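Protein sequences, first through last, are from chains A and B. Take 954 as the starting number for the first sequence in the numbering used here and just add one per residue. Take 1397 as the starting number for the second sequence in the numbering used here and just add one per residue.
Hints in this document: simulated from the structure, not taken from any laboratory. As the structure is a computational prediction, the values presented were derived from the model and not from experiment. Ideal placement from N, C-alpha and C gives every residue a C-beta, glycine not left out. Check before you lean on any hint, since a few could be wrong.
[Said to hold, decoys possible] Label pairs and their calculated CB-CB ranges: (1) A:1087 x B:1695: 25 to 33 Å; (2) A:1104 x B:1594: 39 to 47 Å; (3) B:1594 x A:1091: 20 to 28 Å; (4) B:1523 x A:1087: 30 to 38 Å; (5) B:1483 x A:1072: 27 to 35 Å; (6) A:982 x B:1685: 57 to 65 Å; (7) A:1236 x B:1593: 44 to 52 Å; (8) B:1483 x A:1090: 15 to 23 Å; (9) B:1590 x A:982: 28 to 36 Å; (10) B:1532 x A:1236: 29 to 37 Å; (11) A:986 x B:1446: 40 to 48 Å; (12) B:1665 x A:986: 48 to 56 Å; (13) B:1559 x A:1217: 55 to 63 Å.
[To be verified] Not close to chain B: a few residues of chain A, all C-beta gaps over 10 Å, as computed: (14) 999; (15) 1086; (16) 1152; (17) 1153; (18) 1156; (19) 1159; (20) 1168; (21) 1194; (22) 1200.
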Amino acid sequence: MNQPMNQPMNQPMTPGTSPAAGDTSGLWRQVLRRLRRQRMSMAAAALLATILAACLLLPLFSPYDYYTPHFDLLSRAPMLAGGHLLGTDPLGRDLLVRVMWGCRISLAVGCAASLVSVLIGVSWGATAGYAGGLADALMMRTVDILYSVPFVPFVIVLTVLFGRELWLIFLAIGAVSWLDIARIVRGETLSLKQREFVDAARVSGVRGAAMIARHIVPNLVGIVIVYATLAIPTVILFEAFLSFLGLGVQSPLASLGSLVADGTSEMQSHPHLLIVPAVFLAAIIYCFNYLGDGLRDALDPRDG
Amino acid sequence: MAAAAPPADVPLRIRGLSVSYASERGRIDAVRAIDLDVAAGEFLGIVGESGSGKTQLLLSILGLSAPRAELHGSIRYRDQELLGLDVAALNKVRGNRISMVFQDPMTALNPYLRIGRQITEVLRVHRATGARAAEQRAIEMLQSVHIPDAARRMRQFPHELSGGMRQRVMIAMALIAQPEILLADEPSTALDVTVQAQIMSLFQQLRAGTGTAIVLVTHDLGVIAEVADRVIVMYAGRIMEQAPVHALFAHPRHPYTEALQQSIPRIDAPRPHRLPSIPGAPPNPASLPPGCPFAPRCLYRMAVCDARMPPLVEASPGHWKACHHEGALGKLRAEAA
């Protein structure tokens, strides 16, 4: 960064300085180091990266697309010959390309909706928790009321009003799942508020928004990242559930959820139509869960 | 050593301060009608057992009492009344003119912020000091509290430092704005004994160097005896005795102080059969007796003790006590012998 800091940064290169003593370069490097020690999490991260790369790249290089029917190749089983590695669906579309598109959509919905819910949830929860008193009561009762709105009718009303749009799914799921994180964050903020470093900062003259941004939110990063990682699979399942009900993505576009839904109707005659997307859905969800678990352990700056 | 004559410059004057809370068990009077002066540059020790109100007293000075606490009386810093002051005005004083070192260095530093950022916070809030200058000043401050390799420590997180090191950081943080008064709430209780001694000598050095008045709250009489000029003994939210340190230890005038001293095991005397202790327990703060709160445990108890709280009177120059008993003490020592 600036001048006086460069010196100690160079030190680990000289022999005799222990690498641990020089390793002050940041919280995130330490988190990574601890995460790397957790095999399941690393395996999950690697698998997730592979799936992500595959679903981004494969559709670009495949000779097939996800929407053009081929009526001479209906519901073929997976085979090495003929180019359809994972077979075709009842309209003769390449299943591999469709599943990759499904992964794209499911991951996009999962990440975008989780991001929305984290942004709303953290600001809402931290403000309510830090403000306390009447503001807290009002904000959290609002959350309670929104909690009691049934999800499926809410989505149906949205689709009736705005039509079946992909962004609507982001919005609907995000609008519901921020409630959980707001509650968690508020609870955590209440306990952080009691910690002495908040008093110490108050004595230093830090107030209101600056206190929340500088002292409360950084301490929430751990649980928020963990929660977000664990929320992504929930959101993906939510989307799968909506697609299963026919409220999700619009055909011919597919999500993993809608592919599974289509697959169930053919599961006796063509089981691969169910099994292939289901395996990808399960793999993605497991990966996020393991990654979230590992992050939870790695993000606590207090140990090792 | 002992401040004999009362110094002229008294920046902090507390008069009739009471702090009370409403709780499920009823009203809790944590601090009751306390008068307290802090003279410029003095080292004032406040001793008392847990629940005697000493921490509440410190917190109330900086406006850190719990939101539902009720405060009465007056806390004046220079010519400004701090009690009931709005946050913006209070912030001009706290951290800046009066600052505080907290009890537990493990929880008083934000675990997610680098040391440098936490130390410079006061400067950035109060003085609008530039980042570069603030950093330079913070490094100097860390060096003055004897932290080696300060520039590197600035980049570290609290968990990378030991307990004693963290408490030094807290002290550096509290002193960086060159406050006139430093409040320290049991700053060494969470540390082991050798580190405790280092921290105490650091306090003394810093006071000698900067002229900052230090108010040290502790339950450790030994620590007070070493470092303080003047001592206040608190019990159940009241001041029991107040005296220059030598007078207090040589000639305690309050039975409670005497009992406390007798409870310290001595290394130079034959080991007693049992370690002496004060019989009974401190009164329930939710239902304090109308008279002297120490009366039920006191060897010199008289009828008047249960009826009226004795006022704090100056028994000899600079030596104040709140006790109805007029004669000499010494019953305890006689009994122990």
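When you take the CB atoms of residue 1087 of chain A and residue 1695 of chain B, is the distance between them in 25 to 33 Å?
Distance hint for residue 1087 of chain A, residue 1695 of chain B is violated at roughly 52 Å.
Is it true that residue 1532 of chain B and residue 1236 of chain A lie within 29 to 37 Å of each other by Cβ?
Since the Cβ atoms of residue 1532 of chain B and residue 1236 of chain A sit about 53 Å apart, the hinted range of 29 to 37 Å is violated.
So does residue 1483 of chain B sit 15 to 23 Å from residue 1090 of chain A, Cβ to Cβ?
22 Å, holds
Verdict for residue 1559 of chain B, residue 1217 of chain A (Cβ pair) under range 55 to 63 Å
Given about 60 Å between the Cβ atoms, the range holds.
Can you tell me whether the CB distance of residue 1590 of chain B to residue 982 of chain A sits inside 28 to 36 Å?
Taking Cβ atoms as reference, residue 1590 of chain B and residue 982 of chain A lie about 33 Å apart, which means the hint holds.
Given as non-interface: residue 1194 of chain A, which should sit over 10 Å from chain B by C-beta:
36 Å, holds
Please test the hint of 48 to 56 Å on the beta carbon pair from residue 1665 of chain B and residue 986 of chain A.
55 Å, holds
Minimum C-beta separation from residue 999 of chain A to chain B exceeding 10 Å: can you confirm that?
Holds, because the least Cβ-Cβ distance between residue 999 of chain A and chain B comes to about 28 Å, which exceeds 10 Å.
Given the range 57 to 65 Å, decide if the beta-carbon distance of residue 982 of chain A to residue 1685 of chain B lies inside it.
Holds: the Cβ-Cβ distance is about 60 Å, inside 57 to 65 Å.
For residue 1168 of chain A, which was marked as not at the interface, is the minimum beta-carbon distance to chain B over 10 Å?
Since the minimum Cβ distance to chain B is about 5 Å, residue 1168 of chain A lies within 10 Å and the statement is violated.
Would you check whether the claim that residue 1200 of chain A is not at the interface survives, using Cβ distances to chain B and the 10 Å cut-off?
Correct as stated: the minimum Cβ-Cβ distance to chain B is 41 Å, above 10 Å.
Are residue 1104 of chain A and residue 1594 of chain B spaced within 39 to 47 Å by their CB atoms?
Since residue 1104 of chain A and residue 1594 of chain B have Cβ atoms about 60 Å apart, the given range 39 to 47 Å is violated.
Hints 1, 2, 3, 7, 10, 15, 16, 17, 18, 19, 20, counting from the list given before, are not met by this structure.
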